[in-house]
Amino acid sequence: MAINQCELRPMGKSIHRKEDPRFIRGQGRYVDDIVLPDMLYMSIVRSPYAHAKITGINTDAAYQVPGVKLIITGEDLEKMKLAWIPTMAGDVQMVLATNKVLYQYQEVAAVVAETRAAAVDAAQLVEVEYEALPVVVDPFRALQPDAPVLRDDREKKSNHIWHWEAGDREKTEEIFQNAPVVVSQDVRFQRVHPSPLEPCGCIADYNKGTGRLTWYVTSQAPHAHRTVLAMVTGLPEHKIHVISPDVGGGFGNKVPVYPGYVCAIVASLKLGQPVKWIETRTENIASTGFARDYHMKAEIAADENGKVLGLRVKTIADHGAFDAAADPTKFPAGLFSIVTGSYDFQQAFVEVDGVYTNKAPGGVAYRCSFRVTEAAYLIERTMDVLARRLNMDPAELRLRNFIKKEQFPYQSPTGWTYDSGDYEQTFKLALEKIGYHELRKEQAEKRARGELMGIGISTFTEVVGAGPSHSFDIMGIKMFDSAEIRVHPTGKVIARLGVRHQGQGHETTFAQIIGEELGLSADDVLVEEGDTDTAPYGLGTYASRSTPTAGGAAALCARRIREKAKKIAAHLLEVGEEDVSWNGEAFEVKGLPSRKVTMGEVALAAYTNLPEGMEPGLEATYYYDPPNLTFPHGAYIAVVDIDTGTGAVKVRRFLAVDDCGNVINPMIVEGQVHGGLTEGFAIAFMQDIPFDEDGNCLAPNWMDYLVPTSLDSPHWETDRTVTPSPHHPIGAKGVGESPNVGSPAAFVNAVVDALSPFGVEHIDMPIFPWKVWEILRKNGVTE
Amino acid sequence: MKTYSGDFTIPVSRDMVWNFLMDPHKVGPCLPDLLSMDVSDNHHFRAKVRVGVGPIRGAFDLANSITVEEEGKSASMSVKGGGMGSGVDMNANMLLEDLEEEQGTLLKWTCDVVVSGPIATIGGRLIDGQARKITEQVFENIRNALVSLKSEVAVTNEEAE
Chain B
7 MAINQCELRP MGKSIHRKED PRFIRGQGRY VDDIVLPDML YMSIVRSPYA
57 HAKITGINTD AAYQVPGVKL IITGEDLEKM KLAWIPTMAG DVQMVLATNK
107 VLYQYQEVAA VVAETRAAAV DAAQLVEVEY EALPVVVDPF RALQPDAPVL
157 RDDREKKSNH IWHWEAGDRE KTEEIFQNAP VVVSQDVRFQ RVHPSPLEPC
207 GCIADYNKGT GRLTWYVTSQ APHAHRTVLA MVTGLPEHKI HVISPDVGGG
257 FGNKVPVYPG YVCAIVASLK LGQPVKWIET RTENIASTGF ARDYHMKAEI
307 AADENGKVLG LRVKTIADHG AFDAAADPTK FPAGLFSIVT GSYDFQQAFV
357 EVDGVYTNKA PGGVAYRCSF RVTEAAYLIE RTMDVLARRL NMDPAELRLR
407 NFIKKEQFPY QSPTGWTYDS GDYEQTFKLA LEKIGYHELR KEQAEKRARG
457 ELMGIGISTF TEVVGAGPSH SFDIMGIKMF DSAEIRVHPT GKVIARLGVR
507 HQGQGHETTF AQIIGEELGL SADDVLVEEG DTDTAPYGLG TYASRSTPTA
557 GGAAALCARR IREKAKKIAA HLLEVGEEDV SWNGEAFEVK GLPSRKVTMG
607 EVALAAYTNL PEGMEPGLEA TYYYDPPNLT FPHGAYIAVV DIDTGTGAVK
657 VRRFLAVDDC GNVINPMIVE GQVHGGLTEG FAIAFMQDIP FDEDGNCLAP
707 NWMDYLVPTS LDSPHWETDR TVTPSPHHPI GAKGVGESPN VGSPAAFVNA
757 VVDALSPFGV EHIDMPIFPW KVWEILRKNG VTE
Chain X
647 MKTYSGDFTI PVSRDMVWNF LMDPHKVGPC LPDLLSMDVS DNHHFRAKVR
697 VGVGPIRGAF DLANSITVEE EGKSASMSVK GGGMGSGVDM NANMLLEDLE
747 EEQGTLLKWT CDVVVSGPIA TIGGRLIDGQ ARKITEQVFE NIRNALVSLK
797 SEVAVTNEEA E
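For the protein sequence lines, the chains are B and X, in the order given. According to my numbering, the stretch in the first sequence is residues 7 to 789, in order. According to my numbering, the stretch in the second sequence is residues 647 to 807, in order.
Hint data in this document are derived by calculation from the structure and do not stem from the laboratory. Glycine included, every Cβ here is placed at the ideal spot set by N, Cα and C. Treat the hints loosely; a few may be bogus.
Pair ranges (Cβ atoms, derived) [what the hints assert, rightly or not]: (1) B:Ile769 - X:Ser797: 56 to 62 Å; (2) B:Arg446 - X:Gln783: 56 to 62 Å; (3) X:Gly698 - B:Glu457: 56 to 62 Å; (4) X:Gly704 - B:Lys85: 29 to 35 Å; (5) B:Ile40 - X:Val685: 51 to 57 Å.
Listed next, the in silico DSBU-like pairs over lysine-lysine satisfying Cα-Cα at most 35 Å (straight line) [unchecked claim]: (6) X:Lys726 - B:Lys163; (7) X:Lys726 - B:Lys87; (8) X:Lys648 - B:Lys320; (9) X:Lys779 - B:Lys784; (10) B:Lys59 - X:Lys779; (11) B:Lys59 - X:Lys726; (12) X:Lys648 - B:Lys303; (13) X:Lys672 - B:Lys777; (14) B:Lys163 - X:Lys648; (15) B:Lys59 - X:Lys672; (16) B:Lys75 - X:Lys694; (17) B:Lys85 - X:Lys672; (18) X:Lys694 - B:Lys59.
Kindly produce the complete structure, drawing on both the sequences and the hints.
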């Protein structure tokens, strides 16, 4: 049961979410809810072709539509040097196509009109002449020497973007040469999309009088967006005011700067009126940042007893037409080298090659710390392949190979320093809670009767919280985060942070951290995020980084306030500062606990009754640069039953035991886990964005790209263990992405386990019923 | 790209089929769901046709051109255009052969079709069947027109007699 927000010592308690009443009652305020005087609307003309030369654009008919104010083409942007913009991955991308288009639904022109309807109507009348060019949709085909070179703007005349590797190639090779057992598995993580309920959109409002641009945008990283805009457009940064109002889901989709944003800003600069652009569902799925699309091959070297020795991974990363992945600068394949997971490999070697194809650009971190989901899926899937080869229970194989509790801090062969963990404890709790051995017995009985039941395990390790600024930056900006706390005379607090929540519950959890540190209730603390004029600079919310970074900043900022408060308390208690101690709710005189003052009393004194010479006020700012990332982990177990007639998979049970360190609000953690598991379920069973050979996107809407409802979703069981992060100010690790990262392998392992009597070793996601049905039919189970 | 092909016999002479195919005023109306057409010369015409695949409904504006490959025997027709942000690109090849004993003409056709844009994506899995149906319909219409032309000719001949 959730408890009241007024309670003191709020840390670790399931306090009601402060933001829920407004969201549940439809009182959230999203970008599209904002209506400004004289506001215009923008619609984008997009390419029907995946690869074509543009031989002409005629806007005459479109300009005839009543209410049309402006039509922008690539040529117009070229004159302003805005036809191309940098991507976060160090590539460049077209804002509006100039000479050619490189993917279907690419932006070709932008139409601005007095009404949304007029803009959409006029966009249909923009005549674009195309000359079709050969299309490359398969990244392996793109790498062949005779493949057409898609990016003729680059110096390198090849579709190969970059090569990246981690670990020791030679030493890993040696292990493989001498290993008694080697398994190899090709694993594809299909192209999926974060597909937030609220698509991308913005209002650009350039005020000619003040020379200031106010930009309302549904953004996960408003400060970073402002800096990027300043760099790209040349507008001075202090003359750009970014406001990210309530965000209706992000999941990584709202980290990049999209062409539509630039067009809306250009239109407002030209017209001096506010310009609103809101995507359609199809535009969101077909043109904004997709996720995954990794073609991976893993090989594990092991001994006969199942002790893993070495891991070798080779991956082709399909980035589409531009490398618009949202990765830290030095990590083109994100944190993919966490692929050794929870297991103690002696050596590992991982290589990834990025490739261009005629598909929408991206590679964003969909509820994921930059390619961690791909890595976790690959290792957890391949461990099961090894177990099958050794004829060993996959649970036993994992128990033999976990990094042991006493090995932390653990140096991984690909260069990570794992902060803390107790994998065995977490896994054993999961096995016991789900009744693993009874389930195996039940499975054996069912198999004898010809029924298909499977049990799938995933014991993943995550890496989150980018990051220490020595390693992590985005476009040069170091990945720290920040908090600013102001305690007002009556003891009420406004706290502002550099991150931006999208439903994660920051308004509650950060109030709990600050309330705990200052002896106040969560109700006394108002958390504000998303306004670059008021909030301190930060890199935003994604990659489960808010609690590891801004959460740390909030705690340390509050402690900074407490230091000053202690001096004021000593003054009020008329004792020396060394005689004052903090009891969690008030300052008291050491040895005389009845003599105390609360933070409320101190706050009033900070403005009314200060010790002589002290600066008035009670405020602080803290920029927190974490010393390391955090490494949450979990043990997930799925139990599935397969309909032998139709191939439909029913997830009968799913247990998620997470260890995300110290927990701020258990109810919110549970909610995050439920949401992430539902997304993982959708990826495993429902979602894929395929393309035909002409580059037509075959799932650009919710008829073909399926989003699960509560009717589709299994019942989730959750539990947790607690291994605090030793370096985080409150021992927290972050949890938002764990369920999305950890669950796909559990689902797929369960289905493969059910079908293993037929010799099935792997099925690529999404596991549609027809894929299972074909296996059943081939084996004579069904007709 | 999808390729469709077929053949059929028409109980009229090869000359008559050839003349029909070379006349935009006759071939144009064989496009299914034709709304309007505008002939620019003997080998070129524009046509507006109604299109509907799945939830997408609207009109396509198509530029058609006929090319003679071998006089009286083989020709190609390209249909290019689109609408509603979608595009279609068709290239058809037609080959005429005399049937034995002046039984009429054999028309063999192959057609490459590339469909792009929302009509291909939102139409999704419907598009293949739809493109095949439309292509086959074009040739079915050509055949029917020629057959009815033959009976018209027959009637006229009868009247003349």
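Evaluated hints:
Checked against the hint of 56 to 62 Å, the C-beta distance between Ile769 of chain B and Ser797 of chain X comes to roughly 59 Å, which is consistent with it. Our hint of 56 to 62 Å for Arg446 of chain B and Gln783 of chain X holds, since their Cβ atoms are close to 59 Å apart. For the hinted restraint 56 to 62 Å between Gly698 of chain X and Glu457 of chain B, the CB-CB distance of approximately 46 Å leaves it violated. Checking the proposed 29 to 35 Å range against Gly704 of chain X and Lys85 of chain B shows it holds: the Cβ atoms sit about 34 Å from each other.
In this structure the hint that Ile40 of chain B and Val685 of chain X lie 51 to 57 Å apart at CB holds, the actual value being about 52 Å. As the CA atoms of Lys726 of chain X and Lys163 of chain B are separated by approximately 31 Å, the hinted pair is consistent with the 35 Å bound. A threshold of 35 Å between alpha carbons decides the hint, and for Lys726 of chain X with Lys87 of chain B the separation of about 34 Å falls inside it, so the pair holds. Among the hinted pairs, Lys648 of chain X with Lys320 of chain B is consistent with the structure: their alpha-carbon atoms are about 34 Å apart, no more than 35 Å.
Of the supplied pair hints, the one linking Lys779 of chain X and Lys784 of chain B holds, its CA atoms being roughly 32 Å apart against a limit of 35 Å. With a C-alpha separation of about 30 Å, the suggested pairing of Lys59 of chain B with Lys779 of chain X holds against the 35 Å cut-off. Distance check on the hinted pair: Lys59 of chain B and Lys726 of chain X sit about 15 Å apart at the alpha-carbon level, within 35 Å; holds. With a CA separation close to 32 Å, the supplied pair Lys648 of chain X and Lys303 of chain B stays within the 35 Å bound.
Taking the CA atoms of Lys672 of chain X and Lys777 of chain B, the gap is near 48 Å; set against the 35 Å cutoff, the hint is violated. Taking the CA atoms of Lys163 of chain B and Lys648 of chain X, the gap is about 30 Å. The hint holds against a cut of 35 Å. The hinted pair formed by Lys59 of chain B and Lys672 of chain X meets the criterion: a straight-line CA distance of about 33 Å does not exceed 35 Å. This hinted pair checks out: Lys75 of chain B and Lys694 of chain X have alpha carbons roughly 29 Å apart, not beyond 35 Å.
For the proposed pair Lys85 of chain B and Lys672 of chain X, the alpha carbon gap of about 48 Å is over 35 Å, so the pair is violated. The suggested pairing of Lys694 of chain X with Lys59 of chain B holds, with an alpha-carbon distance near 24 Å, which does not exceed 35 Å.
Going down the numbered hints, you'll see the structure goes against 3, 13, 17, while the others check out.
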